[in-house]
Amino acid sequence: MGAAGSKLEKALGDQFPEGERYFGLENFGNTCYCNSVLQALYFCVPFREQLLEYYSSNKSFTDAEENLLTCLADLFTQITSQKKKTGVIAPKRFVQRLKKQNEIFRSYMHQDAHEFLNYLLNELVDILEKESRAVKSDLESSSSSEQIPNGLNTSHTNGHIKEPLVTWVHKNFQGILTNETRCLRCETVTARDETFLDLSIDIEQNSSITSCLKNFSSTETLNAEDKFFCDKCCSLQEAQKRMKIKKPPQILVIHLKRFKYIEQLGRYKKLSYRVVFPLELKLTNTVEDTDAEYSLFAVVVHVGSGPNHGHYVSLVKSHNHWLFFDDENVEMIDESAVQTFFGSAQEYSSNTDHGYILFYERVDVGSAS
Amino acid sequence: MISASNPNSMMSSSSTTGNNNAAGSGQQAPGLKTYFKTPEGRYKLKYEKSHPAGLLHYAHGKSVTQVTLAHLKDKPAHALSSSSSSIGISSGVKSAAAKFLGGGNGSRALSFVGGNGGSKSSSGTTKVGSLGSSYTNSYTPNSNFDGKGTYLIFNVGDAIFISDLNSQDKDPIKSINFSTSNPISHAFDPDAKDGHDLLIGLNSGDVYSVSLRQQLQDGGKKLVGGQHYNKDGCVNNSRCTSIAWVPNGDGTFVVAHADGNMYVYEKSKDGSGDPSFPVVKDQNQFSVSHARYSKNPIARWHICQGSINSIAFSNDGAYIAIVGRDGYLRVFDFKTEQLICGGKSYYGALLCCTWSMDGKYILTGGEDDLVQVWSMEERKIVAWGEGHSSWVSGVAFDSYWSAPNADGTGENVVYRFGSVGQDTQLLLWDLEMDELVVPMRRAPGGSPTMSTGSQSAHWDHACPLGALRPAPSMRDVPKLSPLVVHRVHTDPLSGLIFTQESVLTVCREGHIKIWARPSEGQTTGSDSLSGTSLKEKPKVGYRQ
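From first to last, the protein sequence lines stand for chains A and B.
So in the UniProt record's numbering, the last one in the first sequence is 369, and the numbering has no gaps at all.
So in the UniProt record's numbering, the last one in the second sequence is 544, and the numbering has no gaps at all.
Errors might be hidden in some of the hints.
As the list claims (entries may be wrong) - Straight-line alpha carbon distances no greater than 16 Å define the calculated EDC-like cross-link-like pairs of lysine to aspartate or glutamate that follow: (1) Lys214/A - Asp194/B; (2) Lys344/B - Glu18/A; (3) Lys99/A - Glu18/A; (4) Lys232/A - Glu180/A; (5) Lys344/B - Glu293/A; (6) Lys73/B - Asp194/B; (7) Lys344/B - Glu280/A; (8) Lys84/A - Glu18/A; (9) Lys130/A - Glu180/A; (10) Lys270/A - Asp112/A; (11) Lys85/A - Glu180/A; (12) Lys247/A - Glu187/A.
If you're looking for bench data, these hints aren't it; they were derived computationally from the structure.
For reference, chain A alone in the conformation it holds in the complex (with noise of 0.2 Å):
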């Protein structure tokens, strides 16, 4: 066994962090999309613990039926419980899975990470909404789902009845935006917050993630064809709307927005922009002003020059050492060649392997000694 040690095991060496696996994932034909993502949430590390924690203690309610949250938490146990430090699993019940269930990810063209992700994502919501749902009304009891605390967004909800439900996945990855309109006429302001479980920000060239989310959170003028309606002045008006992050969230998901529709050329373009992201991040755009740190541990990256076409492999930091997942490959990186993928500053380069969606996650400062 010790002799069949891998070329990651030897690079590692008794640093080999104990208990950890890191398994490749073999593609089934374009399934690299899946794969990337999958490896940044395995080591998304408290999803992988509440998901794998969730299934062993509700094996009984699921029977047998299948679903993606089996499927991925058979396959994160799978990882898991290897013998083997290192070596290549097939996903494939997930990946038969995801095909029955949604078309477009049934055929063998390119598919987008981000669009799986958020589709896994909801997808994983919405069977935990539903069995929560059962259980409740198997149980006559509503104690056992778990609420919003008073005053996070009820007040806000736009009037909607149904109670929202904080799953594992939500308290993981779920933030609140405030889009905060004020009307130029009454000076009404008016705060709509809305979920989010990733987000989805656009993209310049030469700029940094913190400088594109703080365009994110800018004040935007809608006038013209695209003017408020104020519900006090009981027309359309000129308003200021921005965006500002109410409840920053555990694992923030940045997607950057690197395919764009071009009018002119009437289909997508990929935008090879340079765009840097820091290994550690702060939100400055939020309503309250507390400082929420987070530090990056994963990135997908899309390599290729254009949006139909290309690879998608992963960047993984797990136990202060980056690793690099390419399908079955897994490989030791040095924590300075994050940067290779940034972008290029120039349009035309040889350079395509672009960072494109980025997990932070939260990280607690000691109190405020």
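Starting from the known structure of chain A, arrange chain B on it as the hints suggest.
Frame of chain A, contents of chain B only:
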């Protein structure tokens, strides 16, 4: 072909005429202006320096270009009279890479005046080559060439290039190739005694000290007469990130590495030694180990976990500022090897640092897109410059600039400084200490709470000697806005240097632009005759 794509071409710089070496690099993209305005007048693009375009590809992503400014004095290489130039006589040197002597050595009167003595001999012949094939052969070695002049030393890929600052030639006059590893950092000391005035640090960790004049006199493409330290990385094989001469240090220099260690060398000592230092016990703990024998390096300072990104000495050489991956600025007393003060960035690594000429302030720039102003007196950040839309890669005080109405009576000192970033922009700032106001503190949610009150109090609290401050909160630090925001290159920038006559900007890919200061009297000088006339004159582009 460049101007054709630019309909409103102002012919960025006439010095580029007939020189298409950098055509492939996409410089002079439309939208890049050839001037920028400041309250004291217009800065105009004077000329550019670059390198053969063929190298670009090789260099991509491998190393970032830094520039060192070197002023070679009027004196033959063999003269022994160099001891006369001990303290601050020549102000000639600043280094974008190491930024030691960041403030111009305190004496403003002297420096890059006049053309270079030696430029005539070479300028005629260097233009021959195109696309990097033949230009190096065209350089005629001239052993009588005394080398006097001001030079730009910059690294691109596996080569060091030397350009004559005062010549209009875009091409370098000399290239030195390093076959084994890429040069990353360099520093120059105009007062070096035995001729070895130029330091070069490589990606492999290797360090060379050489004579710049000797390189200029030699016709080859190899480094000549170099002293080799840390050979093949035998002492430390991590990247050499920053290198600096100790001001007035009698040939002492320091080399910072990507593994968080910094080594002290003495030029006079044997370079071939292989002193082994004890293993660093705690990566997070500062420690200094001295070599047991009198060999180079004589000491190792373990500064921090992760890379050291930049080091800078105060003008008098008493203090060294060090910034790195962990986001901390640390200031040490160099002689006593004691940590004096320091603090954390808002977030992310710090990438560059520099001192004010009077040693009162340190500027740092980093991955939080902010320019930080650190006060040595208060031992804390006194201002944040907000204006870059990407990481800040270079900072420098303009020691040649003086406040318009500085009559010397007022206490209100104004500092001018500049910063460059990966957003391809140059920003200029005025730091007026009287104008800094700590923003109003509003407690979140509108009601004053105990927790925020105590947090702020903590920040205001005097910091004991040798303690590092935590990252301040956004609301606790006064903000500065830039005076000028100017996009200068198409590529991310890596450094800037102020000289008496100009501002130099350099991008990561190795293109340098030299921006001439507004001409004398162009400002609001009401009693100056020439001032009014110049001010009215419409300026179209730059005329040679």
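Now for the hints, and whether the structure bears them out:
1. Lys214/A - Asp194/B: Between Lys214/A and Asp194/B the Cα gap is close to 53 Å, so the pair fails against 16 Å, i.e. violated.
2. Lys344/B - Glu18/A: Violated. Lys344/B to Glu18/A sits at ~32 Å, over the 16 Å cutoff.
3. Lys99/A - Glu18/A: Violated, at about 35 Å.
4. Lys232/A - Glu180/A: holds, 15 Å
5. Lys344/B - Glu293/A: holds, 13 Å
6. Lys73/B - Asp194/B: The given pair, whose Cα atoms are some 14 Å apart, holds under the 16 Å limit.
7. Lys344/B - Glu280/A: With a Cα-Cα distance of about 12 Å, the restraint between Lys344/B and Glu280/A holds, given a limit of 16 Å.
8. Lys84/A - Glu18/A: holds, 12 Å
9. Lys130/A - Glu180/A: violated, 32 Å
10. Lys270/A - Asp112/A: holds, 12 Å
11. Lys85/A - Glu180/A: violated, 50 Å
12. Lys247/A - Glu187/A: violated, 25 Å
Checked against the numbered hints given earlier, the structure breaks hints 1, 2, 3, 9, 11, 12 and satisfies all the rest.
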